[in-house]
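Asks: Here's the letter readout for the chains.
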Amino acid sequence: MKKLVIKSIVYFVSILVVLELLARVFHLHSEDPQRFIDPNEVEKRVPNSEGFAVTGNRNQNFSKFRINHSGFNSFREFNPSFSNTEIALIGDSFIEGFHEDYDKSIGKKIEEQLNNKTEVYEYGYAGYDLSNQLHLLQAYAEEFEKIDYIIIYLDYRTDLNRDTYTPDRERIQTLASPIFKIRDRFKIILYASRIGVLDPIQELIIKATPQKKAIESKWNHEENRDSLLLNNFKTLCSKYPINYTKTFFLIDGRKTPSSFLDYCNVNNIKYLDYGKIFKETDLPTTLIYDQHWNNHGRSLIAKLISDSLPTKD
Amino acid sequence: MLFNSIEYIVFLPIAFGLYWLVFKSNLKAQNLLLVVLSYVFYGYWDWRFLTLIFLSTVVDFIIGKKIYTANKKSSKKWLWTSVLFNIGILGFFKYFNFFVDSFSKMLNIFGYDNQDNLTLNIILPVGISFYTFQTLSYSLDIYRKKLTPTHDFIAFAAFVSFFPQLVAGPIERASRLLPQILHKRSFSYTQAKDGMKLMLWGLFKKIAIADALAPIVDDIFVNYTQLSSPVLIMGAVFFGFQIYCDFSGYSDIAIGTSKMFGIELTSNFKFPYFSRNIAEFWRRWHISLSTWFRDYLYIPLGGSKGEKSNTIRNIFVIFLVSGFWHGANWTFIFWGGFHALLFVPLFLSNKNRVFIEGTVGGNSILPSIKEILQILSTFTLVTISWVFFRASSVNVAFEYLTKLFSSPNFEPYPHPLGYRWLDYFVLLGLFLCYEYFIRRDERNPIPFRSRAIRFLLYVLLVFGMLLMYDDHIDRSFIYFQF
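Chains as they are written, first to last, in our numbering: chain A, 345 to 657; chain B, 2 to 483.
Some clues are possibly wrong.
As the list claims (entries may be wrong) - The list that follows gives simulated cross-link-like pairs (lysine to aspartate or glutamate, EDC-like), each with its CA atoms no further than 16 Å apart: (1) 614/A / 596/A; (2) 347/A / 195/B; (3) 620/A / 596/A; (4) 551/A / 8/B; (5) 590/A / 492/A; (6) 408/A / 447/A; (7) 578/A / 606/A; (8) 29/B / 153/B; (9) 351/A / 195/B.
In case anyone wonders, no lab produced these hints; they're calculated from the structure.
Produce the entire structure from the sequences given, and follow the hints as far as they go.
Replies: Here you go:
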């Protein structure tokens, strides 16, 4: 019995060590550049790093990212000026684009469609909601003053859950906690976590957290969710004044309630609806094993933006 | 509780520790622990159906003793009570809706329009087909004087509910399993180690192959009308591997777990896809069920003794009943009937017993050309039969097969989850080569003496599971539904 237990432990540890080596050799794990909150209370990535993001098992989607000097994944540095034409693209992971090579991003595609006469700055960060995005505009007001067009990606269902901005210190702290540090240090654990092997453990932990459940159930029973989200939108817009002459919301009209669209129309808030072009195309617009836009989806978004802005020659 | 779940990973070491460290000196306490563990294991899925297992245990425990002590006439009555009780439970939970629905359709044919929906919303208790057959064999063996009834209720309850094989077999005979439960067991390092190896191999087959093929098979069988022959062939072949790796993987984990508790279970699979004819396939596929039907149905019906026409009838009976055992659907009956049609010519030409001994390839490294052709032809026929088994209805199965033989043009078929096809073909190729290598002993899947090679294989199996793991799918075992 003792022999079995000891040998099992030895084998278990040895197998883990070899698996760790294999995970590193085949780069199965995804790198997640470190997050931080800058002095302006903006959540972003620690500047100046490069790496590879992996989606799915067996390296199904393998892409290179580059965190620029400003702390965002982009092929270029952000140096806006009044003399040039610039577009700022602000959003969550869809704009951050870790699922694509940074030099094939939506920004790059827009620039190509605009004959490389316009610079596109991608302020994407996984987890951004509208409050993050508007706070970013306010925190770097001087920078955005020089930028000619601002496109804000808005997923109505998920980006309007709060009406005021507070930096998510808890998330930063959680990611810096010993458990996450261990996870990030051991690539095989990171890989297992990414592909869902560890989901049952996480689910067990969530099940054992009744407080969180109670909050979720309260939210689910909210009857007037759409109107609440619209109110949050209105509150955010009043707290963080937006220059509506140069700002566009990028939305999926198929998933956005008409009350919001009506409100935008009445108040001259401009929006670009990519839902229409996504509906018309025969080809898939998202990765199959991931909700993010694939190359075709990104091309359609880039075309929509470049066609809609008056900068195109 | 699933073998491939986090709950089982927690459950097994606790059960193992309690079994060998806390209760090892007292057989009764150890058996009681087995019953408690088995009820926890089963109750984790749905505790309400524990009453059914308990009822079945109590009834057959009492009836077993009655059969043994009663005179011949009364003992037959008691046997029939056991048969009717077990088949009654099975019939109600598994076949009630099927019979009512079929009866209703038959009435429609004769012009009676039955508007009332007579079917009930019945949940099928997991493993019911397995444990009812196991308890039934206890009563039958006592009646046939092959077994004396036990007076130890706890041991009998452990025999009925023994958790490794409770929900999907192997279906154990009381004459084999009960003595092991009644006698003191001592821990064996070799037995436990072999058990762990079997569990690893079974998990690999389930996670890396069966679960990886599942979304492809599901997609092809749903969209078969729009797909070309090569894709439909791939769908049927992949299902053949899916169901084999799913079910034999379960059996390996069950046998392996059981070994860890000092109990040996019957082998359920012996590399069936290396069979050289259908008769050999049935000696290698779901062995515990086919031998059950052989001993308790085929032989009592007369077996192969007497007129050939009677034997042919008996062959059809066991194959049709075997098909029906799998589920209340005509597809399974067609599947069984198809196998009977394949078996009868072998019987008539006296070739049904030519491959009783030995394995393909004998002691040589490679099989002969003749053997390869025999394996391929058997595999093709078995694959065709799987279409009936997998299809949602008999009509769908025939449409699938018609399409399979009539749309030869190859049209690209993207993986439903976006993965590379090459991975699957490489995996299946390596799997087949390895299975061929270990084909002589199904209970020793990692037979290497070299510690380094064994270690390398452990790593590869775990790595294979991690590479092929997919969290988008239902992880339960296919045979849970039977």
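Asks: For each hint, tell me whether it holds in the structure or not.
Replies: Hint check results:
no., hint, in the structure
1, 614/A / 596/A, "holds, 13 Å"
2, 347/A / 195/B, "holds, 14 Å"
3, 620/A / 596/A, "holds, 8 Å"
4, 551/A / 8/B, "holds, 14 Å"
5, 590/A / 492/A, "holds, 6 Å"
6, 408/A / 447/A, "holds, 8 Å"
7, 578/A / 606/A, "holds, 13 Å"
8, 29/B / 153/B, "holds, 9 Å"
9, 351/A / 195/B, "holds, 13 Å"
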